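Asker: So the chains spell out like this:
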Amino acid sequence: RKEVEQDPGPFNVPEGATVAFNCTYSNSASQSFFWYRQDCRKEPKLLMSVYSSGNEDGRFTAQLNRASQYISLLIRDSKLSDSATYLCVVNKDYGQNFVFGPGTRLSVLP
Amino acid sequence: GAGVSQSPRYKVAKRGQDVALRCDPISGHVSLFWYQQALGQGPEFLTYFQNEAQLDKSGLPSDRFFAERPEGSVSTLKIQRTQQEDSAVYLCASSLMAEASTDTQYFGPGTRLTVL
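These protein sequence lines map, in sequence, to chains A and B. Residue numbering for the first sequence is 1 to 110, as defined by the working numbering. Residue numbering for the second sequence is 1001 to 1116, as defined by the working numbering.
If we strip away everything but chain B, and leave its shape as in the complex, we get (with noise of 0.2 Å):
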């Protein structure tokens, strides 16, 4: 059975670059939620949906990111004039129910974005 699958697994961008990461939940699964992992430290909580609705954005760093999902299903994570402390392996989860707190996430492999 198909997980969370994300893309690209890994982006190099330049300072100042836009990039975009993809991430496809479990079918099915009404809660999606987007982290950010620095290296050697636990993952950050950036943003959270059901189904379409963006119900948490508190974690998003600056206004330089934007998360949508826009179908409720695939989710996209957009860092504008990126910098080089958006270096991170950011991660997508989702999870069955709508009432997450208390769900199982399952986790994409992760996209490792550095930026130069």
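For reference, chain A alone in the conformation it holds in the complex (with noise of 0.2 Å):
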């Protein structure tokens, strides 16, 4: 079993529409997570921050389940420039080595 899995997609939804990504992870050890965003050919930056008590920014948030290992995205009134690839990122242990999982592609079409 891969340490980070995500369902590839890709997601296509209407301008508007609430969509939602989850992601596991195995290790059950690990202590932060995040959602970085990917445009094509770009770098990744980051989205978010996961905390254990589920955060909001705007139109998207953030929920971690620590007992099914699973994070989730949701992101309302999803717009146009939302179309990018989402990464969830697990670190390990408080270490430095961060496994990201392979990214959830999202198309917004108009």
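Simulated from the structure, these hints should not be mistaken for laboratory data.
Pairwise CB distance ranges, derived in the manner of DEER restraints:
# : chain 1 : residue 1 : chain 2 : residue 2 : range
1 : B       : F1066     : A       : G95       : 20 to 30 Å
2 : B       : L1055     : A       : S26       : 21 to 31 Å
3 : A       : D7        : B       : D1056     : 22 to 32 Å
To give a feel for the contact side, a few chain B residues facing chain A, derived at Cβ under 7 Å:
# : residue
4 : Q1041
5 : G1042
6 : G1110
Fair warning: this is a prediction, and the values are worked out from it, not measured in the lab. Glycine included, every Cβ here is placed at the ideal spot set by N, Cα and C.
Starting from two chains that each stand alone, build the complex the way the hints lay out.
Answerer: See the structure below:
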């Protein structure tokens, strides 16, 4: 089993839709979690960290379920500019080894 | 403000050639990471530096890969005797703190290496 798994998509949704991505991780000792966004042929950029209590940043909501070892990202009122690949990132054991998932591709259609 | 820069942006090498990829992190950033990203995949961790110390090199795929950061700022990733499977985008990232596990990583634009 891969350390971090994501549905690769693509998710094709109309503007204004709500879309959710899940990510599962295998290492129960993992301590910190992130969502990064990567546009085509560009570098990844931090979208948001994921906290145990869940957190929201505008239209984006991230949640962590430690018992089931999954992380979710919810995007409300999606915009054309949200089209990108969303990478789930897990850090093991407070070390410096970050494991990226393969990414989920989102296309928001007009 | 200057972000992370990498050079060259594109490199074509013949199989067996040695290559050197450079990363200039954000000034003052203590932590520096190298990743390898194959087409359609997420970045894969290669190695981590805290200042000049290479604290984790567990992701380097073979002894042909070598990284250094001698003065705690610029870093170089060297690949000896390149093979076709080394073709990928090599990303460098830096973060401000020594405790990088919860810190934002800022990525450079990457070097796209093609080995013929």
